[in-house]
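**Q** What follows is each chain in one-letter form.
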Amino acid sequence: MPVNALPMDLRDFLRVAPAVLLSAWGLVVVAADLARYRRRDAESRRLAVGRLTLIGVGLALASAVALFGIDSLAQSDAPRLDRLLGESFASYFSRPDGLIFFGTLASGLPTDVLNVLFLTLLGLVVWTSTAYAFTDDLGEYFALLLWATVGMMLLAASEELATLFIALETMTICLYLASAFEKSKPRSAEAGLKYFIYGSVSSALFLYGLSFVYGLTGTTYFDAIGRVLGRGGHEGLAGNLVGGAALLLMLVGFGFKVAAVPFHMWAPDVYEGAPAPVSAWIATGSKVASFVVMLKVFLHALGPWSNPSNELMGPGWLGVVVVLAAATMTYGNLAALAQRNYKRMLAYSSIAHAGYILVGVAAASVSTAGPEAAGAVLYYLVVYAFANVGAFAVAAWLARDRDGDAIADLDGLARTSPALAVCIVVLMLSLIGVPPFAGFFGKLAIFMEALRQGPSGTRIVLAWLVALGLFNSVVSAFYYVRVLKAMYLREAPSVGGLQRAKSAIAVPIVVATVVVTACGIVPSPLMDLMRAIARPMLTATTLDATAVTDATPAAGATARPRPVAWTTPSRPE
Amino acid sequence: MANDIPLSWFLYFAAAAFATGLVGVLLRRNAIAVLMAIEIMLNAANVNLVAFWRYGTPAPGAGPLPGVILALLVITVAAAEVAVGIGLILLCYRRWRAVDVDRYETMSG
Chain F
1 MPVNALPMDL
11 RDFLRVAPAV
21 LLSAWGLVVV
31 AADLARYRRR
41 DAESRRLAVG
51 RLTLIGVGLA
61 LASAVALFGI
71 DSLAQSDAPR
81 LDRLLGESFA
91 SYFSRPDGLI
101 FFGTLASGLP
111 TDVLNVLFLT
121 LLGLVVWTST
131 AYAFTDDLGE
141 YFALLLWATV
151 GMMLLAASEE
161 LATLFIALET
171 MTICLYLASA
181 FEKSKPRSAE
191 AGLKYFIYGS
201 VSSALFLYGL
211 SFVYGLTGTT
221 YFDAIGRVLG
231 RGGHEGLAGN
241 LVGGAALLLM
251 LVGFGFKVAA
261 VPFHMWAPDV
271 YEGAPAPVSA
281 WIATGSKVAS
291 FVVMLKVFLH
301 ALGPWSNPSN
311 ELMGPGWLGV
321 VVVLAAATMT
331 YGNLAALAQR
341 NYKRMLAYSS
351 IAHAGYILVG
361 VAAASVSTAG
371 PEAAGAVLYY
381 LVVYAFANVG
391 AFAVAAWLAR
401 DRDGDAIADL
411 DGLARTSPAL
421 AVCIVVLMLS
431 LIGVPPFAGF
441 FGKLAIFMEA
451 LRQGPSGTRI
461 VLAWLVALGL
471 FNSVVSAFYY
481 VRVLKAMYLR
491 EAPSVGGLQR
501 AKSAIAVPIV
511 VATVVVTACG
521 IVPSPLMDLM
531 RAIARPMLTA
541 TTLDATAVTD
551 ATPAAGATAR
561 PRPVAWTTPS
571 RPE
Chain X
1 MANDIPLSWF
11 LYFAAAAFAT
21 GLVGVLLRRN
31 AIAVLMAIEI
41 MLNAANVNLV
51 AFWRYGTPAP
61 GAGPLPGVIL
71 ALLVITVAAA
81 EVAVGIGLIL
91 LCYRRWRAVD
101 VDRYETMSG
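Note that the protein sequences, when read in sequence, are chains F and X. Each residue of the first sequence is one higher than the last, beginning at 1 in my numbering. Each residue of the second sequence is one higher than the last, beginning at 1 in my numbering.
Worth double-checking, as some hints may not be accurate.
[Unchecked claim] Pair by pair, the computed Cβ-Cβ distance ranges are:
no.: 1; chain 1: F; residue 1: A463; chain 2: X; residue 2: L90; range: 46 to 54 Å
no.: 2; chain 1: F; residue 1: L334; chain 2: X; residue 2: R97; range: 33 to 41 Å
no.: 3; chain 1: F; residue 1: S76; chain 2: X; residue 2: W9; range: 55 to 63 Å
no.: 4; chain 1: F; residue 1: M265; chain 2: X; residue 2: I5; range: 36 to 44 Å
no.: 5; chain 1: F; residue 1: D528; chain 2: X; residue 2: A33; range: 51 to 59 Å
no.: 6; chain 1: X; residue 1: Y55; chain 2: F; residue 2: R11; range: 58 to 66 Å
no.: 7; chain 1: X; residue 1: A80; chain 2: F; residue 2: D137; range: 49 to 57 Å
no.: 8; chain 1: X; residue 1: Y55; chain 2: F; residue 2: A42; range: 17 to 25 Å
no.: 9; chain 1: F; residue 1: D528; chain 2: X; residue 2: R97; range: 35 to 43 Å
Bear in mind the hints are in silico, worked out from the structure with no lab data behind them. Cβ atoms here follow ideal geometry from the backbone N, Cα and C, with glycine treated the same way.
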């Protein structure tokens, strides 16, 4: 058995402080709801528990921001970090590998940025949850949201297949339960059960594929898998039945999680049936985390199997992902055209967006920009997540005032709430991908990566994929515009229309609007940040593994150098 | 290990169990049977993991988490999944008085 493990360091717990805080805060929320708030009337209890949850999210966000500050300081100004934290902590935080807990979790800038993203989105989702009464079990509901987020943060940080599996299950099991929380509606229970069955079957498929990857490579660490597969001399993918099965099974598993056609059947039902804030969290948080880890698995661990023969339809996952992407965006957009239900339309729209993102995944594996190409996908994910949190806050509004979620329920909104109607227009335009808004730059970045390739057999096909993506963007305009038509061209019903939004609904919509507008007008800061974190995210490697496989001259006696691995453009091979 | 059962036997067994589970998920309509089939699939993967751990050679830089620990973790996760699954099935049963997954059809399109 190998004993080349990194030593366990208790300070590693500091680097997962946001996750630790959120897990503990979930218990605080449950206990406080039981002990203090349960006797109050429904309205004030909901607000009180929601506020308490928001405090926890705020604390976790503060710790994530602090870690972000420390990690960026470790890169840019190491002496200052020395003065701030003392020598021992400073050298701990500026360790060049950035892996913690025996190399199973990544830490450092990529993780910090993603944690800040998850916690910001979670804050908006929690705030939306206080908008209307859909459940009596408030403490449990908010705790499950927090714990699902813990799963997402660890999932996005995982560097190893066992950690990935546990984090994935933590996230999805909490979300299965949260989907079924609206007890007054049968469709919520149905959504929970459907999500559970599809989700756990996909986990089982993924796990079976994972077991083959472990069997073929003898390791579960992404970086070590990538090394073994890329070493050559090893049996390639051609004619490798087990390897092909492992790839397909893992693709199916991820396909379910991100709702790619043909594994999307659960998504519309779950999004429609679950309470609006839970749908929001499934559509944004779980999708962002799944795509981040999919990038890691497919580009870092299974990267050598992308298209080893340099032909699209040769062995490798690239061809399969291209087909999935094409099917997903086309089907998602065409099916969304037929929807009259607002949440169902958003479900199909998020399926379509998964298709665009899959184009980015395929592109990142062949782009000449290397791992930085994945920055386009990350940018798209951020923008997509904010726009959808805002869009689902509208669904919460419909559920609160109309007890329904038909697009027709939005009729005449422009007259009753003109400011928020403008915000919704901005969100819809961003989702279509209309220029000054961030959705456009997300699509642009992904499509540019797809076109940025050296001469290869895949070039033409990816160009066609981009053309299909552009065509699909045009199709998508038709169903998003239907929302605008309802708001601006129809009369509001004389009784029982939408009331004033209040902060729980207005804040997420406004925040989302501000983000997609700001990132659209000035796209480069976010894009640069995402490109900068994409490389360390996809190349994180343990120092010891490098020492073992690359047989570098033993420099162990000297002190480890100051960090360079995070900032230098390429790792010495 | 010369007299051991060969690795391929374990893999065939796991593949057969996995196929059984998959067929069960696809064909059975009873939600509890579907849950059982999912458990069979997870256990097939566990058999694979332990067999690969016993017979495989760890890669250089393989790290300290071998397949057998992953199998233990999977058992834990499977237990959690059953607890949640039974809860959800019960919720649906109270609503429809049926555990037949085909009956739960309030949404479509």
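**Q** So, for every hint listed, does it hold in this structure?
**A** Against the structure, the hints come out as follows:
1. For A463/F paired with L90/X, a C-beta distance near 52 Å keeps the hint of 46 to 54 Å intact.
2. A hinted range of 33 to 41 Å for the beta carbons of L334/F and R97/X is consistent with their spacing of about 37 Å.
3. Here the CB-CB span from S76/F to W9/X is close to 57 Å, well matched to the stated 55 to 63 Å.
4. Checked against the hint of 36 to 44 Å, the pair M265/F and I5/X passes, with Cβ atoms roughly 40 Å apart.
5. Separated by about 53 Å at the C-beta atoms, D528/F and A33/X satisfy the suggested range of 51 to 59 Å.
6. In this structure the supplied range 58 to 66 Å is violated for Y55/X paired with R11/F, their Cβ-Cβ distance being about 37 Å.
7. Distance hint for A80/X and D137/F: a CB-CB separation of about 19 Å, inconsistent with the stated range 49 to 57 Å.
8. Taken as a hint, the range 17 to 25 Å is violated for the pair Y55/X and A42/F, whose Cβ atoms sit roughly 59 Å apart.
9. At about 58 Å, the beta-carbon gap between D528/F and R97/X misses the expected band of 35 to 43 Å.
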